[in-house]
Amino acid sequence: MKDIKLKIVTPEKILFSDKVAQVSISTVMGQVTILPNHIPLVSQLSPGEIVIKNNGKEEGLMAVSGGFVEVLPDQVVILADTAERAEDIDEARAEEARQKAEKLLKTKLIDVEQFAMFTAQIEKEMARLKVARKYRKRGVRTGQN
Amino acid sequence: MPQATRDIQRRIKSVKNTKKITKAMELVAASKMRKAVSKVLATRSYSDLTWETILHLVKKIDTSQHRFFQESKEVKNVAVILVSTNRGLCGSFNAQLVKKVVDSIKLHHPDSRVTDIITFGSKGRDESRRKKLNLIADFDKEDITLSSEIIRPISHMAIKDFVAKKYDKVFIAYTDFMSALKQVPHVKQLLPIVPSIDERLGHIVHEKDEDVDKINVDNFSDFLFEPDTKKVLDAFLPRLVEIQIYQAVLESEASEHSARMFAMRNASDAASEMIDELTLVYNQARQAGITAEIAEIAAGSAALE
Chain A
0 MKDIKLKIVT
10 PEKILFSDKV
20 AQVSISTVMG
30 QVTILPNHIP
40 LVSQLSPGEI
50 VIKNNGKEEG
60 LMAVSGGFVE
70 VLPDQVVILA
80 DTAERAEDID
90 EARAEEARQK
100 AEKLLKTKLI
110 DVEQFAMFTA
120 QIEKEMARLK
130 VARKYRKRGV
140 RTGQN
Chain B
0 MPQATRDIQR
10 RIKSVKNTKK
20 ITKAMELVAA
30 SKMRKAVSKV
40 LATRSYSDLT
50 WETILHLVKK
60 IDTSQHRFFQ
70 ESKEVKNVAV
80 ILVSTNRGLC
90 GSFNAQLVKK
100 VVDSIKLHHP
110 DSRVTDIITF
120 GSKGRDESRR
130 KKLNLIADFD
140 KEDITLSSEI
150 IRPISHMAIK
160 DFVAKKYDKV
170 FIAYTDFMSA
180 LKQVPHVKQL
190 LPIVPSIDER
200 LGHIVHEKDE
210 DVDKINVDNF
220 SDFLFEPDTK
230 KVLDAFLPRL
240 VEIQIYQAVL
250 ESEASEHSAR
260 MFAMRNASDA
270 ASEMIDELTL
280 VYNQARQAGI
290 TAEIAEIAAG
300 SAALE
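Going line by line, the protein sequences match chains A and B.
Under numbering that gives the first Met the number 0, think of the first position of the first sequence as 0, with each following residue one higher.
Under numbering that gives the first Met the number 0, think of the first position of the second sequence as 0, with each following residue one higher.
Be aware that a few hints might be false.
The calculated lysine-lysine pairs, modelled on DSSO-like cross-linking and capped at a C-alpha distance of 30 Å, are [stated by the list, open to error]:
1) K230(B) / K6(A)
2) K168(B) / K181(B)
3) K187(B) / K230(B)
4) K34(B) / K12(A)
5) K6(A) / K34(B)
6) K99(A) / K133(A)
7) K59(B) / K1(A)
8) K58(B) / K75(B)
9) K230(B) / K129(A)
10) K165(B) / K105(B)
11) K18(A) / K38(B)
12) K136(A) / K6(A)
13) K102(A) / K136(A)
14) K58(B) / K4(A)
15) K58(B) / K12(A)
16) K4(A) / K229(B)
17) K59(B) / K72(B)
18) K4(A) / K230(B)
19) K229(B) / K6(A)
20) K52(A) / K4(A)
21) K187(B) / K12(A)
22) K4(A) / K38(B)
23) K6(A) / K18(A)
24) K181(B) / K12(A)
25) K98(B) / K164(B)
26) K58(B) / K168(B)
27) K59(B) / K4(A)
28) K18(A) / K58(B)
29) K12(A) / K38(B)
30) K18(A) / K59(B)
31) K1(A) / K58(B)
32) K187(B) / K6(A)
33) K59(B) / K12(A)
34) K12(A) / K229(B)
35) K230(B) / K12(A)
Calculated directly from the structure, the hints in this document are not laboratory data.
Could you put the whole structure together from the sequences, leaning on the hints where they help?
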């Protein structure tokens with residue numbers, strides 16, 4: 000079976016670089032799953048999760064806060080602003096951060112720019128939380144770390 | 000004679016103190032350099048991949064439609080972002096960079112056109128003021144830039160002025176980190192974007208032929224853009240510029256700390272040498288003093304007999 004070369008990079012480091020069978024990404028237009036020989040695609044990411052699958056079973060789960068994805072027939076490059084592996088996310092702290100952002104959004108009189116910033120922050124924290132919870136519930140082990 | 004030996008002793012002491020300081024600064028610079036180098040290497044892969052993506056894209060899309068790619072027919076106004084340091088004592092680091100900027104202004108724009116300088120780092124600001132360059136903005140710089148958010152105002156300003164056609168070209172002057180021993184001042188065109196492999200940061204001389212992705216996109220069908228081409232490019236290109244500036248800043252920081260480390264090591268070595276020389280002179284003077292005294296005593300006792 001043909002594989003895709005998947006690279007997930009953030010400005011801080013290379014988070015993932017390996018061959019995978021399929022990967023699901025959430026873009027601004029919705030969730031897309033990429034299989035080998037996908038049509039070339041460039042899209043913007045929305046805060047959400049990345050699910051990597053190999054041989055039908057889930058191999059990796061990550062949270063991203065936004066960025067871009069470039070898809071070529073045999074290669075996928077995810078340029079994420081920030082990305083974390085599910086096992087690295089501290090659920091309690093993610094929840095705390097989300098609540099803090101929500102509270103700030105409610106209590107203070109803020110201008111449009113700040114409002115957008117806080118909304119984005121909430122979205123990002125929600126994505127992290129979702130990934131962390133999913134990871135815990137299923138007890139996914141990537142076997143890589 | 001005792002006067003001379005005392006003077007020499009005093010000088011030895013002062014050189015020893017200076018050596019202690021330069022030694023300490025060398026160690027501090029070394030630890031900062033380690034941090035800065037690991038940061039620059041970590042970000043290189045991201046900026047390289049971003050650059051590769053744009054290389055793939057330009058083969059498939061009509062770039063002339065987007066402002067970021069449009070070349071002006073006549074280059075009248077240019078801006079240079081000058082990435083320098085806050086502190087001195089790093090050899091000819093800043094002087095070389097400013098010289099490079101002045102040279103490239105002379106080379107590319109011999110007639111008196113407007114060149115505006117945006118500085119990031121106080122040494123570059125002082126130096127360009129001394130050289131009477133046209134300074135329009137100065138951004139404060141930290142010793143180590145922690146995230147790309149810090150440089151966002153700079154990229155914002157550069158992009159805004161470029162899109163408004165205030166400038167025909169925007170350059171960034173920084174010091175490329177090649178190795179701990181070698182750093183090269185470099186002026187790179189930021190806008191309009193010129194997609195070519197050699198324009199990648201951190202690669203001007205070294206690693207040019209290594210793993211540049213040889214993917215040939217010509218055979219592939221056209222790119223699909225989601226939501227649409229304009230929206231993706233509008234979001235992607237400013238990010239690209241920002242990452243380029245960020246990478247340039249990190250390259251400069253890694254270079255700065257390595258340059259300082261070596262400047263300080265040279266100073267410490269020179270101090271050791273000076274101490275050795277002075278000690279030799281001191282011992283000779285002391286010896287001469289003793290010899291003279293013995294001769295006097297011998298002469299005195301000979302006179303009594």
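For each hint, the structure was consulted:
no.: 1; hint: K230(B) / K6(A); result: holds, 23 Å
no.: 2; hint: K168(B) / K181(B); result: holds, 29 Å
no.: 3; hint: K187(B) / K230(B); result: holds, 27 Å
no.: 4; hint: K34(B) / K12(A); result: holds, 14 Å
no.: 5; hint: K6(A) / K34(B); result: holds, 25 Å
no.: 6; hint: K99(A) / K133(A); result: holds, 22 Å
no.: 7; hint: K59(B) / K1(A); result: holds, 25 Å
no.: 8; hint: K58(B) / K75(B); result: holds, 29 Å
no.: 9; hint: K230(B) / K129(A); result: holds, 28 Å
no.: 10; hint: K165(B) / K105(B); result: holds, 20 Å
no.: 11; hint: K18(A) / K38(B); result: holds, 26 Å
no.: 12; hint: K136(A) / K6(A); result: holds, 26 Å
no.: 13; hint: K102(A) / K136(A); result: holds, 27 Å
no.: 14; hint: K58(B) / K4(A); result: holds, 21 Å
no.: 15; hint: K58(B) / K12(A); result: holds, 28 Å
no.: 16; hint: K4(A) / K229(B); result: holds, 27 Å
no.: 17; hint: K59(B) / K72(B); result: holds, 24 Å
no.: 18; hint: K4(A) / K230(B); result: holds, 26 Å
no.: 19; hint: K229(B) / K6(A); result: holds, 25 Å
no.: 20; hint: K52(A) / K4(A); result: holds, 13 Å
no.: 21; hint: K187(B) / K12(A); result: holds, 24 Å
no.: 22; hint: K4(A) / K38(B); result: holds, 25 Å
no.: 23; hint: K6(A) / K18(A); result: holds, 9 Å
no.: 24; hint: K181(B) / K12(A); result: holds, 24 Å
no.: 25; hint: K98(B) / K164(B); result: holds, 27 Å
no.: 26; hint: K58(B) / K168(B); result: holds, 22 Å
no.: 27; hint: K59(B) / K4(A); result: holds, 21 Å
no.: 28; hint: K18(A) / K58(B); result: holds, 26 Å
no.: 29; hint: K12(A) / K38(B); result: holds, 9 Å
no.: 30; hint: K18(A) / K59(B); result: holds, 26 Å
no.: 31; hint: K1(A) / K58(B); result: holds, 26 Å
no.: 32; hint: K187(B) / K6(A); result: holds, 27 Å
no.: 33; hint: K59(B) / K12(A); result: holds, 29 Å
no.: 34; hint: K12(A) / K229(B); result: holds, 29 Å
no.: 35; hint: K230(B) / K12(A); result: holds, 27 Å
The structure fails none of the hints (numbered hints given earlier).
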